[in-house]
Amino acid sequence: MPHGGARLKREPNSALLGRRKREQQMTSLKPIRSSPAVFGLLFLGVALPSLAADVEENKLPPSAKVQADFERDVKPIFEKTCFRCHGPEKPKSHFRLDNRESALKGGENNHDDIVPGDSMKSKLIHYVTRLVEDMEMPPPGKGEPLTPEQISLLRAWIDQGAKWPAGAETVQRETQFSIAPTAQWVTVSGNKQKFREDAWQKEGFTAGYEHFEMRQPVGQEAELQVEGRALFDQNDHRVSLTLSQPDFGFVRGGYGVYRKYFNDTGGYYAPFNQSSPALERNLFLDNGKAWFEAGLTLPDWPKLVMGYEYQFKKGDESTLQWGQYSNDPTAPRATYPGYKVIDEHTHVLKLEVTHELRGYSLEDNFRAEFYDLSTTRINRGDLFTPDAVGQYTEGYSHFQAANSFRLEKQLSDWLFVSGGYLYTHLEGAGSFNQVFSSVSSSFPTFVGDTSDRISLKQQSHTINFNAMLGPWEGLTLASGFQSEWTRREGLTDLFVQSSPPPAPGEQNSNEDRTALDENVALRYTKIPFTVLYAEARLEQEWTDYYDHQFLDDGSDDSRDFTRDSNAKANLKEYRAGFTVSPWTRVSFEPSYKHSDHRTDYNNKVDTDLSQPPFVPGDGYPAFFRSRDVTTDEVDVKLVLRPSSWLKATLQYQLLATDYRTTTDSSFLPGFPTNIFYPGGELLAGNYDAHVYSANVTLTPWRRLYLSTTFSCSQSRILTGANNGATVVPYRGDIYSVLSSASLALNNKTDLRAGYTFSRADYRQHNEVAGLPLGIFYERHGLMAGLTRRLLKNMTGTLQYVFFYYNEPTSNGANNYRAHAVLASLNVALP
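Per the working numbering: the sequence shown = residues 212 to 1041.
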């Protein structure tokens, strides 16, 4: 969280070595840790069978005892409740009900949505009867639920063969076109840069096309699709083109760009009694990409896809590397904002081959990346002098090649296995230089440290194997194993200006890392109304570090050093819980998770060329002996459905993490005697968080949908220096509310409204000895809108939006109010 609230725990860089779609869908286990490849190639995965309960078929309305006619009985139901999402225009889940061929084929998730002659086994009937949780059709707020009489007619029509009239048996091949022109006006009072950062758009008038799409049949089976959006004043554009033919291949390409804005205001320090400094500069970063792909999808042949992608980022971005600023030069604080100029380009070539052979699923992916980055960072207030300006220019480029191979096989009804191998190779080069100047003439310009040669090499090998066994009498076992080896080599030639005298130097570092990762999961479903599960993950890691630096300045000191260290890390993570639902209206799910990550360091060499009275070896970071991070997490969730129109979800989460560090004894040179530190184990930090959330969803009438979610997070983090005045505990609360409502006035008019609220209070009061870093803010958002179906293929929308942001910790420098009016028209042809 940006304001120090309940932090999302980041999982390690993971790669699932593949996923197999099976008739019985499987619930994923946690992914196994993968190679640090920056683009996250997919590997194999394991999963557990779905635990969804069978539909209570005795609750289905009986099939009508009449001869059902599609035009008279079925089509009016589809037109009123289904075609908006499952018609010919962008059907959700690729499920269409406007022709028999598509309806019987099913969508992405099922192939038995309609089973001619057996309505009881047709999932469409289960969904419209609202017997499947989270699959109610139409969804709450999107239309009126079907009456028992309508469901009975649908059942009769399916039982009688699900017949369509002549001309609707197959997909109608015709040109389809839709466009949604839009216009909006946004007015902002206050900090416009902060509004832009929060809303990802600028104020003023904007016109364009929220979405446009054309589908043009080509020949007997091929289709040309053009899709995109264009908001001209926001520099938000996207267009894609796809030409495809079933059982042959496709060609697709496109271009897109969007703009991200940043606030240019710095920090506020109350004792200065002056407003927050600002750059008075429009900061934004344009992000874009262009791509092209061609693929062959011939039946019974390997699927082949070749592609090229170009990505870029260009513009100015704010940074948190703030400089010293003060009206009193003797007591500055780091509140002056910083920014950097970014020019980033990436070229990607990729080749993918997939094939099914005798029950084996095979996949090979190759990717080559050419990356180039140039940045210039500007910081006023560097070198602890408010007048000083530091300019740091950095360049970096690399070539990275990676190839992954994946294989999976359903060996039997109770055994599914998969495995994969990933190889990556990277070679990079970089440079940097520093220039310091001043806003006043009293500070002369000079050049800082520079390097025209920084080289990096890295290669890694990753092997993965997973298996799923069962189910046997309700018991399912899934496990996975992964091994990874990575080597990095770095070399730098530098020129140090701050020696003095200026002198050349050399740095080199190597790292070898080996890791093993295992996980296992058990799930048991034979206890009535209950699901038990337990998971465990273990990781062992061995890392060798070597660092060396030498400055050819004619003197020997601590900057000429050699360090050689080993690190051994062990992660043990366990999770267990259960889900119990003794009644269909109640579900209770508690779980507990424990994690212990310990790292031990063996510092074989820690030496430098320091001269007496200093002792060779600066002791940092070599005096660290171990680090232990222990986390306990409790999660409790209660779902209540007291009636068909009311659903409530209550959840509580407790997080507790301790950071413990063990060090060697050490001393700090002093006069007249050195300062001695005994070392040993200490509590380096502690983090505690309580998270409460509640959601209530109401549909008191068929046309009305109401939903509100409330959450509260209370967290605190302490460090080993928590009693000091400079570094104080970071504690506070975050409250948030998200509410929405929709009302179908009639068959042509819908009303929608929404309200969002968030509040964070992490204020600190250490102005005398330090710099308060916590934030206190409130943000409100209100939306009201109307959608009207003007014609059969034309829909208009009108919306009003209001935002209010208040941040007392910036003394109002970041406050703003915003009003927005938006209008759009959606036209679909034919």
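Don't read these hints as lab results, they were simulated from the structure.
It cannot be assumed that every hint is accurate.
[Claimed, not checked] Lysine-lysine pairs mimicking DSS-like chemistry, simulated, CA-CA at most 30 Å apart:
| # | residue 1 | residue 2 |
| --- | --- | --- |
| 1 | K413 | K334 |
| 2 | K270 | K286 |
| 3 | K286 | K303 |
| 4 | K413 | K332 |
| 5 | K500 | K471 |
| 6 | K815 | K848 |
| 7 | K413 | K551 |
| 8 | K316 | K403 |
| 9 | K804 | K316 |
| 10 | K374 | K1003 |
| 11 | K291 | K959 |
| 12 | K500 | K524 |
| 13 | K413 | K291 |
Evaluated hints:
Simply put, K413 and K334 have alpha-carbon atoms about 46 Å apart, too far for the 30 Å limit, and the pair is violated. The straight-line distance between the Cα atoms of K270 and K286 is roughly 24 Å, inside the 30 Å bound, and the hint therefore holds. Of the supplied pair hints, the one linking K286 and K303 holds, its CA atoms being roughly 19 Å apart against a limit of 30 Å. Under the criterion of a C-alpha separation no larger than 30 Å, the hint pairing K413 with K332 is inconsistent with the structure, at around 52 Å.
Using a Cα cut-off of 30 Å, the hinted pair K500 and K471 holds, with the two alpha carbons roughly 14 Å apart. Of the supplied pair hints, the one linking K815 and K848 is violated, its CA atoms being roughly 49 Å apart against a limit of 30 Å. Restraint check for K413 and K551: satisfied, since their Cα atoms lie roughly 21 Å apart, inside the 30 Å limit. Among the hinted pairs, K316 with K403 is inconsistent with the structure: their alpha-carbon atoms are about 52 Å apart, more than 30 Å.
This hinted pair does not check out: K804 and K316 have alpha carbons roughly 43 Å apart, beyond 30 Å. In summary, the hint linking K374 to K1003 is supported, as the alpha carbons are separated by about 25 Å, within the 30 Å threshold. The suggested pairing of K291 with K959 holds, with an alpha-carbon distance near 10 Å, which does not exceed 30 Å. For the given pair, K500 sits about 9 Å from K524 by alpha-carbon distance, which is consistent with the 30 Å threshold.
Between K413 and K291 the CA atoms are separated by roughly 39 Å; this puts the pair beyond 30 Å, and the hint is violated.
Hints 1, 4, 6, 8, 9 and 13 from the list above are not met by this structure, while the remaining hints are.
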